[in-house]
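Asks: Protein chains in written order, with the numbering used here: chain A, 1 to 369; chain B, 1 to 374.
Derived by calculation from the structure, the hints in this document are not laboratory data.
Bear in mind the structure is a predicted one, so any value in this text is a computation, not a measurement.
Keeping only pairs whose Cα atoms sit at most 30 Å apart, straight-line, the calculated DSBU-like set for lysine-lysine is:
id, chain 1, residue 1, chain 2, residue 2
1, B, K29, B, K238
2, B, K29, B, K304
3, B, K304, B, K25
4, A, K83, B, K70
5, B, K29, B, K214
6, A, K83, B, K56
7, B, K26, B, K214
8, B, K214, A, K95
9, B, K238, B, K151
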Amino acid sequence: MMTTAYTPDMSLITDDVHPALGHWELPHFAEEHELPPRDGAPGQERVIQFREALREAMSEEMRRDQRIFLCGEEVAQYNGAYKVSQGMLEEFGEKRIIDTPISENGFAGMAIGAAMMGLKPIVEFMSWSFSLVAADPILNNAPKMLYMSGGQWGCPIVFRGNDGAGGQLGSTHSWCVEGLYANIPGLKMVIPSNPYDAKGLLKTAIRDPDPVFFLESERMLGDRAHVPAEEYYIPFGRARRVREGDACTLVSWGRPVNFCIEACEKLAENGIECDLLDMRTIRPLDIDSIVASLKKTGRVVVVDQSWPFGSVASETITQICEHGFDWLDSAPVRVNTRDVPTPYARGLEHAYLPNAERVVEAVLRIVEV
Amino acid sequence: MPRETIYEAKIEYLQILDEDGNLDKKLAKGSLSDEQVLELYEQMWIYRQFDEIAFKLQRSGRMGTYPQNKGQEANAAGSALAMVRGTDWVVPSYRENLAMHMHGMPYHHILMHWMGDERGNMIPDGVKMLPLSVPIGTHMLHAAGIGWAMKIRGEEAAAITYFGDGATSEGDFHGAMNFASVMQAPVIFFCQNNHWAISVPTDQQMNSQTVAQKALAYDMPTIRVDGNDIFAVYLAVKEARERAVSGGGPSFIEGLTYRLGDHTTADDARRYRDADEVEAWAEKDPLIRTRKYLVSKDLWDDEKQELLGERATKIVGEIVKAAEGVREPATAEFFDSMFAELPRDLAEQRDSMRTSSIGINPGQVGLSAQPERV
Ligand SMILES: Cc1ncc(C[n+]2csc(CCOP(=O)(O)OP(=O)(O)O)c2C)c(N)n1
Ligand SMILES: [Mg+2]
Numbered sequence: 001m002m003t004t005a006y007t008p009d010m011s012l013i014t015d016d017v018h019p020a021l022g023h024w025e026l027p028h029f030a031e032e033h034e035l036p037p038r039d040g041a042p043g044q045e046r047v048i049q050f051r052e053a054l055r056e057a058m059s060e061e062m063r064r065d066q067r068i069f070l071c072g073e074e075v076a077q078y079n080g081a082y083k084v085s086q087g088m089l090e091e092f093g094e095k096r097i098i099d100t101p102i103s104e105n106g107f108a109g110m111a112i113g114a115a116m117m118g119l120k121p122i123v124e125f126m127s128w129s130f131s132l133v134a135a136d137p138i139l140n141n142a143p144k145m146l147y148m149s150g151g152q153w154g155c156p157i158v159f160r161g162n163d164g165a166g167g168q169l170g171s172t173h174s175w176c177v178e179g180l181y182a183n184i185p186g187l188k189m190v191i192p193s194n195p196y197d198a199k200g201l202l203k204t205a206i207r208d209p210d211p212v213f214f215l216e217s218e219r220m221l222g223d224r225a226h227v228p229a230e231e232y233y234i235p236f237g238r239a240r241r242v243r244e245g246d247a248c249t250l251v252s253w254g255r256p257v258n259f260c261i262e263a264c265e266k267l268a269e270n271g272i273e274c275d276l277l278d279m280r281t282i283r284p285l286d287i288d289s290i291v292a293s294l295k296k297t298g299r300v301v302v303v304d305q306s307w308p309f310g311s312v313a314s315e316t317i318t319q320i321c322e323h324g325f326d327w328l329d330s331a332p333v334r335v336n337t338r339d340v341p342t343p344y345a346r347g348l349e350h351a352y353l354p355n356a357e358r359v360v361e362a363v364l365r366i367v368e369v
Numbered sequence: 001m002p003r004e005t006i007y008e009a010k011i012e013y014l015q016i017l018d019e020d021g022n023l024d025k026k027l028a029k030g031s032l033s034d035e036q037v038l039e040l041y042e043q044m045w046i047y048r049q050f051d052e053i054a055f056k057l058q059r060s061g062r063m064g065t066y067p068q069n070k071g072q073e074a075n076a077a078g079s080a081l082a083m084v085r086g087t088d089w090v091v092p093s094y095r096e097n098l099a100m101h102m103h104g105m106p107y108h109h110i111l112m113h114w115m116g117d118e119r120g121n122m123i124p125d126g127v128k129m130l131p132l133s134v135p136i137g138t139h140m141l142h143a144a145g146i147g148w149a150m151k152i153r154g155e156e157a158a159a160i161t162y163f164g165d166g167a168t169s170e171g172d173f174h175g176a177m178n179f180a181s182v183m184q185a186p187v188i189f190f191c192q193n194n195h196w197a198i199s200v201p202t203d204q205q206m207n208s209q210t211v212a213q214k215a216l217a218y219d220m221p222t223i224r225v226d227g228n229d230i231f232a233v234y235l236a237v238k239e240a241r242e243r244a245v246s247g248g249g250p251s252f253i254e255g256l257t258y259r260l261g262d263h264t265t266a267d268d269a270r271r272y273r274d275a276d277e278v279e280a281w282a283e284k285d286p287l288i289r290t291r292k293y294l295v296s297k298d299l300w301d302d303e304k305q306e307l308l309g310e311r312a313t314k315i316v317g318e319i320v321k322a323a324e325g326v327r328e329p330a331t332a333e334f335f336d337s338m339f340a341e342l343p344r345d346l347a348e349q350r351d352s353m354r355t356s357s358i359g360i361n362p363g364q365v366g367l368s369a370q371p372e373r374v
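Make a model of the complete structure from these sequences and hints.
Replies: See below:
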């Protein structure tokens, strides 16, 4: 009887990891002070909408790199259900701006395949609520690809769309997916709160070699602010200090940052100055900036527009306890949505969401006046 | 070794009442009686007024987004009549309001839903229906499950589920079809092919000549009918139901129709489709041809039409009054429908509605324990 010895071909196993990294030229990530000014010179402001900032980020990157394409429901012919991709079909043609059949599972999965073939898909979910029917590709495939291939196959892809209550869309269409999805290892999660950050963060997301979940809000797409025409990349994992103060640290991301700004203004009228941090990305989460602020204030309120149980707010507070316990003068407080499905009625939806009044109340409870 | 065709299939198309109101008497055998045609005409006509008013309510800020059903009434009416109210299950999407109504869902509930009140989804006693469903495709699986349960329980009944052409792209559609077929569940899959899925026309949604042929893969009896023809729709559903309740398993029906209105009130379809196309389909309107038929049989005249108009205005006025007359839901009530019995942590949230974080009792922060009412 003949036996054949098995001789493994070790040359197949290399340390040459993450081909995507080699293929994707990463931009220079500026420090906060190196970024273009957030406010235009008087009379020279370039005020555009949030949706235009997103479009600008995609278009600039697509002009530079032929491998990038945008796909999703209604993105081409209709210019996007929320007009984010307005005019992009005209500029980039139907090979790169692609209307898909109504099959989130289908186009998310196919885009992952395309990403592994060396393309860079930007996948638009009309709403993150609809990504639930694509759970396996976005949660079970994309974020695990690199790990499960022993570091060989990356999955450079951007999933983006509207997140959170869009205004009377009922419970099935008002998902805030960060609480659920941020739990998954292997993905990055970006939640901008304003047009300036939206552009810089989306450009970084598109250049990123890993899967990035980019969460926008239908309620902010029309927000207007100065956005520089020049190209800039905001690094992930760096919070921005929106307001300076020493009474209390306020931590938030995405739309509720705007509630916090409103709350800070009200509190300032009573002489209470808060340190407001806009996290910008929650994976990675810039805990260092939170702790640095806490050393000054000793108090913290976390504002999160998803459900309380096992939320990003809970995680943030856990990390605060792990890294900043010694500086806490009172128990951290969180402001979340109520623990019910998003109500449909206008008044109920408002009461369900975090808002400026609830933030003010939370701060007043822990600061010493 | 053979190399031969082992499977061949054909797709049948059925039209009984054409757009000029001419009826094919031979094909009409087993379809609608005169009384039934009259009933369906009135139902469709009243529905059309309801649909118009709903649209106006949205435009005047009294209602949220609303998807008009205009032009698709024959699919809803013909199929609803062929199913047995109170016995068969109806699992709708959002363009079958008339079918929901004919099976016992009060119109003012449908308005309440789109006005943003979950109580509009409450199903009256004795009505066998699931609430309308907007996530595309997911409800077809529920219909398959209902059919399967009916089979296990030995009920002599069937379920019908409605969905659009676009919905057939979803994986759930294929899951539901395969499941119902394997289980031989008494389910009727009714596709309202209205040519558009928001701005995407059917030929970009699929590369199949018909939607009906998708059922062939699951060995389901399948047919395409003129969906603006109540006779054809009724007959096809009636046959499918007979098959279903006698153990013949699921069937597929593609009702070819047209969305005469915008996708929803948030859409403006003029931006992506030709006025000519809409014009051409407006002439195939199910209401017009049904009326022509009734007039040709001396069953209808202008006077009757006028009376119906007056009746419809009154009925719809009352529907709106009923929907708007319902007490607005109070804020803390959103905890009421969470669990059979409210768990302690939620009770605390309810009681602390006026404080910010969970689990803080209002008493602890100097507030009264009254739940907030708006
Ligand atoms: C899972 C999911 N994806 C996307 C949407 C957004 N959406 C709502 S209606 C619609 C088009 C549906 O087209 P079709 O199935 O043909 O039904 P029609 O509206 O024409 O009746 C889309 C894409 C949704 N509601 N659910
Ligand atoms: Mg359709």
